[in-house]
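Hints are included, so try docking the two chains, each in its own frame, into the full complex.
Letter by letter, the chains look like this.
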Amino acid sequence: MSTKRTLGASARMVAIAAAGALTLTACAQGGGNDESPSGPTTLKMVVWGGDVDKATYQERVDLFEASQDAITIDLQLIPGDQYEQKVQTMIAGGDGPDILEVAEGVNVYSSKNQIIPLDDLIASAGLDLEERFGPVGTLYSYQDSVYAIPDRSGAMIVYYNKDLFDAAGVEYPSADWSWEDAHSAMEALTVPGEQWGYAGAGWWPQWWSLAYQNGGQIIDDEGRPAVDSPEVVEALQWANDLAYVDHVVPTPAEYADMGPDMGGDPAFAAQKVAMNTTGFWAISGLLEVDFNWDIAPMWGGEQQAVSAFGSGLAISRDSESPEQAFQAIDFLTDAEAQAVIIKNAQDVPANLEVQQSEAFLSPEWTTREVNMGAFGESAAFVFTAPLVPEWNEMQAAFDDNLGTFWNEGGDAAAQLAIIQTQLESIIQPAS
Amino acid sequence: MTQVLGEAVGAVRAEVPRRTRGRGTPRRKLTKRGRSEARFFWLFISPWLIGFVGFLLGPMIASIYLSLTEWDSFTPAKFVGLDNYVHALTQDPIFWKALTNTFYYALVSVPLGLAVGVWLANLLNKKVRGRKLFRTMIYLPTLVPLVATAMVFKMVLAPSGPLNDLLGVLGINGPDWLLDPTWVKPALIVLSAWGAGGATVLLLSAMNSIPREFYEAAEIDGAGPIRQFWSITFPQITPIIFFNLIMGLIGAFQIFSQVYILTSGGPDNASMTMVPLLFREAFSFYHFGYASAIAWLLFVVITGFTAIAFRTSRKWVFYETKVR
Numbered sequence: 001m002s003t004k005r006t007l008g009a010s011a012r013m014v015a016i017a018a019a020g021a022l023t024l025t026a027c028a029q030g031g032g033n034d035e036s037p038s039g040p041t042t043l044k045m046v047v048w049g050g051d052v053d054k055a056t057y058q059e060r061v062d063l064f065e066a067s068q069d070a071i072t073i074d075l076q077l078i079p080g081d082q083y084e085q086k087v088q089t090m091i092a093g094g095d096g097p098d099i100l101e102v103a104e105g106v107n108v109y110s111s112k113n114q115i116i117p118l119d120d121l122i123a124s125a126g127l128d129l130e131e132r133f134g135p136v137g138t139l140y141s142y143q144d145s146v147y148a149i150p151d152r153s154g155a156m157i158v159y160y161n162k163d164l165f166d167a168a169g170v171e172y173p174s175a176d177w178s179w180e181d182a183h184s185a186m187e188a189l190t191v192p193g194e195q196w197g198y199a200g201a202g203w204w205p206q207w208w209s210l211a212y213q214n215g216g217q218i219i220d221d222e223g224r225p226a227v228d229s230p231e232v233v234e235a236l237q238w239a240n241d242l243a244y245v246d247h248v249v250p251t252p253a254e255y256a257d258m259g260p261d262m263g264g265d266p267a268f269a270a271q272k273v274a275m276n277t278t279g280f281w282a283i284s285g286l287l288e289v290d291f292n293w294d295i296a297p298m299w300g301g302e303q304q305a306v307s308a309f310g311s312g313l314a315i316s317r318d319s320e321s322p323e324q325a326f327q328a329i330d331f332l333t334d335a336e337a338q339a340v341i342i343k344n345a346q347d348v349p350a351n352l353e354v355q356q357s358e359a360f361l362s363p364e365w366t367t368r369e370v371n372m373g374a375f376g377e378s379a380a381f382v383f384t385a386p387l388v389p390e391w392n393e394m395q396a397a398f399d400d401n402l403g404t405f406w407n408e409g410g411d412a413a414a415q416l417a418i419i420q421t422q423l424e425s426i427i428q429p430a431s
Numbered sequence: 432m433t434q435v436l437g438e439a440v441g442a443v444r445a446e447v448p449r450r451t452r453g454r455g456t457p458r459r460k461l462t463k464r465g466r467s468e469a470r471f472f473w474l475f476i477s478p479w480l481i482g483f484v485g486f487l488l489g490p491m492i493a494s495i496y497l498s499l500t501e502w503d504s505f506t507p508a509k510f511v512g513l514d515n516y517v518h519a520l521t522q523d524p525i526f527w528k529a530l531t532n533t534f535y536y537a538l539v540s541v542p543l544g545l546a547v548g549v550w551l552a553n554l555l556n557k558k559v560r561g562r563k564l565f566r567t568m569i570y571l572p573t574l575v576p577l578v579a580t581a582m583v584f585k586m587v588l589a590p591s592g593p594l595n596d597l598l599g600v601l602g603i604n605g606p607d608w609l610l611d612p613t614w615v616k617p618a619l620i621v622l623s624a625w626g627a628g629g630a631t632v633l634l635l636s637a638m639n640s641i642p643r644e645f646y647e648a649a650e651i652d653g654a655g656p657i658r659q660f661w662s663i664t665f666p667q668i669t670p671i672i673f674f675n676l677i678m679g680l681i682g683a684f685q686i687f688s689q690v691y692i693l694t695s696g697g698p699d700n701a702s703m704t705m706v707p708l709l710f711r712e713a714f715s716f717y718h719f720g721y722a723s724a725i726a727w728l729l730f731v732v733i734t735g736f737t738a739i740a741f742r743t744s745r746k747w748v749f750y751e752t753k754v755r
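Those sequence lines, one after another, are chains A and B.
Numbering-wise, my numbering puts 43 at position 43 of the first sequence, and it's gapless, one number per residue.
Quick note: to get my numbering, add 431 to the position in the second sequence (first position is 1).
For the record, the hints were derived by calculation from the structure and aren't laboratory data.
Nothing false has been slipped in among the hints.
Here are the simulated lysine to any residue pairs, SDA-like style, with alpha carbons at most 25 Å apart:
1. A:Lys162 to A:Asp246
2. A:Lys54 to A:Ser67
3. A:Lys112 to A:Glu323
4. B:Lys558 to B:Gly626
5. A:Lys86 to B:Val578
6. A:Lys343 to A:Gln327
7. B:Lys509 to A:Ser425
8. B:Lys563 to B:Arg643
9. A:Lys44 to A:Gly94
10. B:Lys528 to A:Glu393
11. A:Lys343 to A:Glu288
12. A:Lys112 to B:Glu501
13. B:Lys746 to B:Ile733
14. B:Lys563 to B:Tyr646
15. B:Lys558 to B:Val632
16. A:Lys272 to B:Pro593
17. B:Lys528 to A:Asn392
18. A:Lys272 to A:Asn371
19. B:Lys509 to A:Tyr142
20. A:Lys86 to B:Phe716
21. A:Lys86 to B:Phe505
22. A:Lys54 to A:Ala339
23. A:Lys86 to B:Leu488
24. A:Lys86 to B:Gly482
25. A:Lys86 to B:Phe714
26. A:Lys86 to B:Met491
27. A:Lys272 to A:Thr404
28. A:Lys112 to B:Val511
29. A:Lys272 to B:Asp596
30. B:Lys528 to A:Asp411
31. A:Lys86 to B:Ala508
32. A:Lys86 to B:Thr500
33. B:Lys528 to B:Ala581
34. B:Lys509 to B:Ile492
35. A:Lys86 to B:Pro490
36. A:Lys272 to B:Met586
37. B:Lys563 to B:Leu545
38. B:Lys528 to B:Pro612
Okay, chain B solo, but in the shape it has when bound (with noise of 0.2 Å):
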């Protein structure tokens, strides 16, 4: 996110103070107004600044030595180098099933959830009478706390369940869910679709923000809706869809109430992911270095990831300031 906003300041930045720097100027020492207005930026940043050193970035580097020990939180740390790394990447079974499980869970969960976001910003965009009622149904469900969710979830999810009596309708046989290791992936995917009303409303937001010139000099061009839509629509939320796209993904890498609540992993690790994991090797099993090792493999993978959706969003993602 902060990449995201970062780039927008800088876009504004750009356009405003080149010309004095365009000059060469040396940077000029700061008037007595700037003086009170840089003490108080640091009077004002300063409880944030505080929380993140002391509660944030201290513990951030403490990991990264206690990945490096081998620790059970009571006796002194054991110093034992990279052998938390060696093990996790190369003995530890578990680690893999549970990196790929959340790899499974977060490429498709991921694209899904904004799939049916847009599709549905796009039905609440519509004219259609009840329009407000709808919007609010649809944002409703991320409202609801992620343990009451859950528990519905077992019920609609159970193997004679509602979600299985209407596949029943349509003929088809479901699977016992949450009990067999094949389905338990995709049901914790159905639950998180059930969360896509987040993403509806700032998707809907942006779709409200394009001029409705755009539409009309299309329909006169003769466009249809759904050329209107790739060509008009879609370039124009693409800022929203890499934000959420971003956020999306770096929480389906987090993954860990849903998991914890419904299947603790199971059956036989199926549904074991990397948040749980580690979470089991700390506190469960006092392996706080190894632990702390699986966090900085997460956050490895996730970086990569965010990178990568970095590197693609010029070929994808539309600013309307950058055109030139």
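Excised from the complex, chain A in its bound form (with noise of 0.2 Å):
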């Protein structure tokens, strides 16, 4: 009898403190807003930078909440060099962002099943990436799923120096240039010792796209690393080959003697070189230069090709409201949410709408008259990243086999092939 009594006493026990969990979880999800008995679904959302994104990114946030009731987000800001930590403890401890920023990193959560594949969702949406955002639309792909949608994605662009140009009596860089004739006009805008032509290649993006140029891959279609093929080769060693048998790009030795940290940012401010080939982020601290410059497409090779920087938006495993947190995101890569990030001078949007309107062509910040249609021309002829979950191997291992390459001068065919050994033992083929 007694025993009954107090097994029937916890069973009650249990089913309060049961129904207490329940009403925290409640609590939990609805964010503390008992208006309506769904209340608002608060969603958790992480992304990089500095003040500008942060900025940024909360007045779209502001904007997709005064756009619906249902839905609210909390956004938090970590920075950049912190960021993969950070999420990826998150994750780890089970407490993962419903909302991610993701960039050349994605397939590291993809490849772990850490962050949801979209296409059901994309589907349900009713949402066309490539009429969206162009080539870049699947850029972040695992295994023929799309696993983030592109969010900010601005091609690399060539700076050029209009004074220097038009001292040496150069044309302007455009996208039909050749590497002949890149190179004639680097030779051009050379005064030894002081001027260079160009800042160099030496930095992913640069002599990738010099290889996709070139008709070579990094990693093929079939998933294998491609970086000892005679086109990777040449355009590697026609890249390095501008600083040591050329000599109008500056080499890593007369770079550190302009002073620390030096590179083609600040040399390219410092008219040391008359072009530079690099993001968006540069425009900012060039609008107050009182010399003449502008931007213009990437030249070509056998073909057009560019490599972009951008970033885009994922769900992580986590998320207890999928559809919400998609919801989100498709509003904020539209066309309203995504004008802000050119309206505050953070970065190129995704959104070719955006990309080809007035608010980006002619922006209210500029001081001077810049070719921001650059970025849309060049959206036609960017190449796929191939983002392999090895991603941070993958740039290790070139490195680690570059550097002296890259220092003293060398045989990019004899790197790569060293390259190319150590890449078909980090990367494992998508099946």
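Shown next, in the form of structure tokens:
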């Protein structure tokens, strides 16, 4: 009898506790708002960046919240250098954000099922990625599934110093240039020991663009490394010879003599180099300089190809409301919210409609004429970067074996053969 | 350090309670006051103890287990036995390169740092004008944050930077330091010598505590300054040199920030050392198991070197309290 009663009492207690837990969960999900029985869903969204990024994302989130009542977003900004570790820890701890910003590392998450495939959500929302984003629409894919929606995406572009070009009597760069055209321009723009024609192509987006222009690939269509192909070898050798054979690009030693952490962007601003290939971000630093400059799409080789910088938005497997999260992403990557990105001079919005809009082509903040159409023009020939899950290891294999090559000159074929062997052991081809 | 302290404490203990213990008295029950003291002991030590067990010992044990698994931090860890250790020791050329680099760095920078430290301390111990100013100047560099120092060194070590200009005056054609695989490790060692001021201060205070009489007696016996240094100063400061040696070795084997900021291990891994390597394996490549294995291998190396230092210390470290 007494045992029975105790059991009954315990059962009641358990029931109460469980009910309490349920209430708590409900509260957590409901975001503490009990106006309506369902209440708005609160999503956690994490992005990286600085002050401009925070303001811009927040402004876009505010637009989304104003557009509907059912979903609110709690935006968290994490400094870029801690982002990967922080998100990794959140996910590992079972507390992953609903929406996360991803870039080249996207397939670290997708290959381990930490973010969810979006194909069904895309289909049911009737979203046409090709139409909205062009070739980068399916950039963040893994094994034929899309895992992130492009959010920011700007092609690498050529910055050129108009004054130096005029002084040397050289035509301004254009997408029609061949390697030979680029090369002869660099030669004409070089003053030995003082000024160089081009900032160099030692960074992966730069020399990979040349490799793809030359018909090469870093990872082939079957998912196997292909860096020792003659096309890639020729492109890499060309890039390096610009510094060590032709002396139209500063060597790392010459850069080091210009100051600490000197590279193409500051060297261009200091008028040390006449051309520089980099992303959108350099524009804001150049608005106040006292020389004339403009931007143009990257030149081409056998074919046109250029890399793009950007990021996408993905949904983590921990998200309890993936539909709502997708609804938010859909809104954030649509024209209205994307226009904020360019209004704040944060980056290039991935949405093509915005890239071609007047707000983008002549932004309010420009103090001078800038050929913003270069981004839209480049979008047509952006190559699909090989975003393998082993992205960081792949980059390390390049860095580990090209250090001396870039620093002292060398034989591209020999280094790429070593890298090819390493990549073959690092990268497991997607089945 | 614990052992150095332990020895010092041990020396004191050895002198005092030996009488009572010597008679073979069994351990007496604690008095009331003793009990309350013990309670306070546990109370006051508990913050450290909880921190140590929870945040150090726990993770350490966990990392032993992790080193036997393959774990990317997302999916469940897979037990692989000693595979990580075997891979590091037999198949990973970068591991051996990093280990060699770390040895190179530790075995050159630590003795160099000590030699510079002793030399500076000896100079600063002389009665010269502006001595206090010099002491401050020598110690100042160790107070500058490492990131700032590294930035300055990037400029100093530039191919046409001040250091190479100086070498040029002497007719030496300086190398490209950070860009050259042969010279990047010496460059890091130059940076480590920059921080010799920390050791200098300790050595200086040790020199100050040497009784004057020793020198007076030596002078009467006709010993010159060099003889005085090697027969009095040096033996008297050996405990401090020993302390700096152990701390320096541990620090040098764990070098991270300098490499991370100045070179990220490049060019071609010529400056890759153990801790940047394990950091890269864990947080960039998501190989937490392998990184843990590297960490434990590093632990073995450090323990080995510390043990060697302690073994040989009996031959050259002089403790006055132990003179019989």
